[in-house]
Amino acid sequence: MKGRFSWFNAMSILLGFAFLYIPILLLVIFSFNESKLVTVWAGWSTKWYGSLLQNQALKDAAWVTLRVAVVSASAATVLGTLAAITLVRMGRFPGRTLFSGMIFAPLVMPDVITGLSLLLIFVALGIDRGFWTIILAHITFSMCYAAVVVQARLQDFDKSVEEAAMDLGATPVGTFFQVTLPIIAPSVVSAWLLAFTLSLDDLVIASFTTGPGATTLPMKIYSQVRLGVTPEINAISTILIGIVTTGVLAAAYFTKRQTEKAERERRAAFGAAG
Amino acid sequence: MSTRTSDLRRWYVIGPPYLWLLFFFLIPFFIVFKLSLSDVATAIPPYTPTFSWSQGIGKFLSQLDFENYTFLFGDPLYVNSYLSSLKIAFFSTILTLVVAYPMAYGMARAPKSWQPTLMMLVILPFWTSFLIRIYAWIAILKPEGFLSLFLMKLGIISEPLQIMNTTTAVYIGIVYSYLPFMILPLYASLEKINPSLLEAAQDLGSQPWRAFWQVTFPLSLPGVFAGCLLVFIPAVGEFVIPDLLGGSDTLMIGKTLWTEFFNNRDWPLASAVAVLLLLVLIIPIVLFQRQQEMVREAGR
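Each protein sequence line maps, in turn, to chains A and B.
The number in our numbering is simply the position in the first sequence, starting from 1, with 2 added.
The number in our numbering is simply the position in the second sequence, starting from 1, with 19 added.
Any given hint could be a false lead.
[As the list claims (entries may be wrong)] One-sided and incomplete, this derived list gives chain A residues near chain B with beta-carbon spacing under 8 Å:
| hint | residue |
| --- | --- |
| 1 | S8 |
| 2 | P25 |
| 3 | I26 |
| 4 | S53 |
| 5 | L54 |
| 6 | L55 |
| 7 | A85 |
| 8 | F101 |
| 9 | M104 |
| 10 | V110 |
| 11 | L122 |
| 12 | V227 |
| 13 | L229 |
[Claimed, not checked] One side only, chain A facing chain B, incomplete, derived with CB under 10 Å:
| hint | residue |
| --- | --- |
| 14 | F32 |
| 15 | I105 |
| 16 | G215 |
| 17 | A254 |
Simulated from the structure, these hints should not be mistaken for lab results.
Model, not experiment: these values are computed from the prediction.
Note that the Cβ used here is the ideal one computed from N, Cα and C, for glycine as well.
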């Protein structure tokens, strides 16, 4: 590959990113619009953010969403990491094909099917629907995403490091916490962030599995969007976009530093040996 | 770890995710199937029969039937919903591929130092809420929206465009939302191609365009395949996009299921719709799983 952009490549990248980002940029800019009309500019203002703060129902929904996301992302990361180890390190075991099917199918399964089937098992079990059923539902699909993220990292790294630790007498559990986990840590952080944002974003599955009293932010936004476009929705969307962007950029920075550090240590080790 | 961990201890790792998915992913499908054979009722939960031990399994089973399915096949609304979902998903997958390919290609050919940043820029919208990104298009596509205002100012059109609440808007929404899902696998396979292969083809006198079709494109097929499945399968059952951007004549099965469930409160019929949707999707889903397993094996 040449070290510069060809004209065609630069154009396709530029047009592609314009398509991806212009809608989001317009949405963010017009959240600072003075006018109630979302498409006509009438000067800068932050009043829609102020009116968000007055909206108690919205704040309640935000609080429910945040708690659901933190709890479900944490559980999903643990289960997803175990699933990734199963896929990459456990070799063959009875029911392996079924297991990998159950990891990959939720990634593409339409939300309406996942939502309906989870609701029906909660009803069949007689569990009261609400806050906790949304969490159980979110763990179920986001653990599969977490598994895929962690699995990619587990594949990359040299298995002989783990074997060396165990040859030196470490237990499997000790090896995991002292050798494996530090190496895959960046991917575990990414997995948590991904699970967190998936939970933050989900409308369909939460709508099916919720009960009285548990309304999440996407459900609230959805019911307002159906009534029409308002600057308040732009404002709340901008806040969410801001949170996600900060999180993703922070994770990217963290991963980059981690890889650079690992690279330096590797060089130092080889330098000392040579 | 596999060789050293005793067989029983392995199940401490395999067990929790396995049991979780069996319980919350696999078993629910059987319940959906069972419910699709039941009848709607004014009760809590709103269907009949509900199982009870005193009644016995025989009596319970005798009350199940395929009535919901005969109803679905008899009503052109449902049949058309399935067909039009498949059609919309198929064409929007192709559109997404056409938009994504030049982008992924450009990224794979960009200077190495730029690539992580470009990747980041593709992933970022993928992490941003689906609902918010669809919402952003309402302000663009509606008759008094940005697109019409912009084109009228340029003098290209004299009257507002009628895109909002049409199937065209649904196509735009799907291409926009699923674009990162297509770009990422495409980029992954394009980036792996050894550039010396292309140089060899060109040294042997191949025109750039022919070299692309005979060397680059065939080598990128695994990415094309994965990307198309990642877009097609969820798009068939899409609800938010047809609901917010589509019109009353945009029939999509995900929306039909939602309406049956939430508006008509007909859980058994919604379940039957879900079972048929799953049957339509089962082959592409199995293909997707195979493909992912192959990628994993190759990555070893």
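Evaluation of the provided hints:
no. : hint : verdict
1   : S8   : holds, 7 Å
2   : P25  : holds, 4 Å
3   : I26  : holds, 6 Å
4   : S53  : violated, 18 Å
5   : L54  : violated, 15 Å
6   : L55  : violated, 19 Å
7   : A85  : holds, 4 Å
8   : F101 : holds, 6 Å
9   : M104 : holds, 4 Å
10  : V110 : holds, 4 Å
11  : L122 : holds, 5 Å
12  : V227 : holds, 5 Å
13  : L229 : violated, 12 Å
14  : F32  : holds, 7 Å
15  : I105 : holds, 7 Å
16  : G215 : violated, 17 Å
17  : A254 : holds, 6 Å
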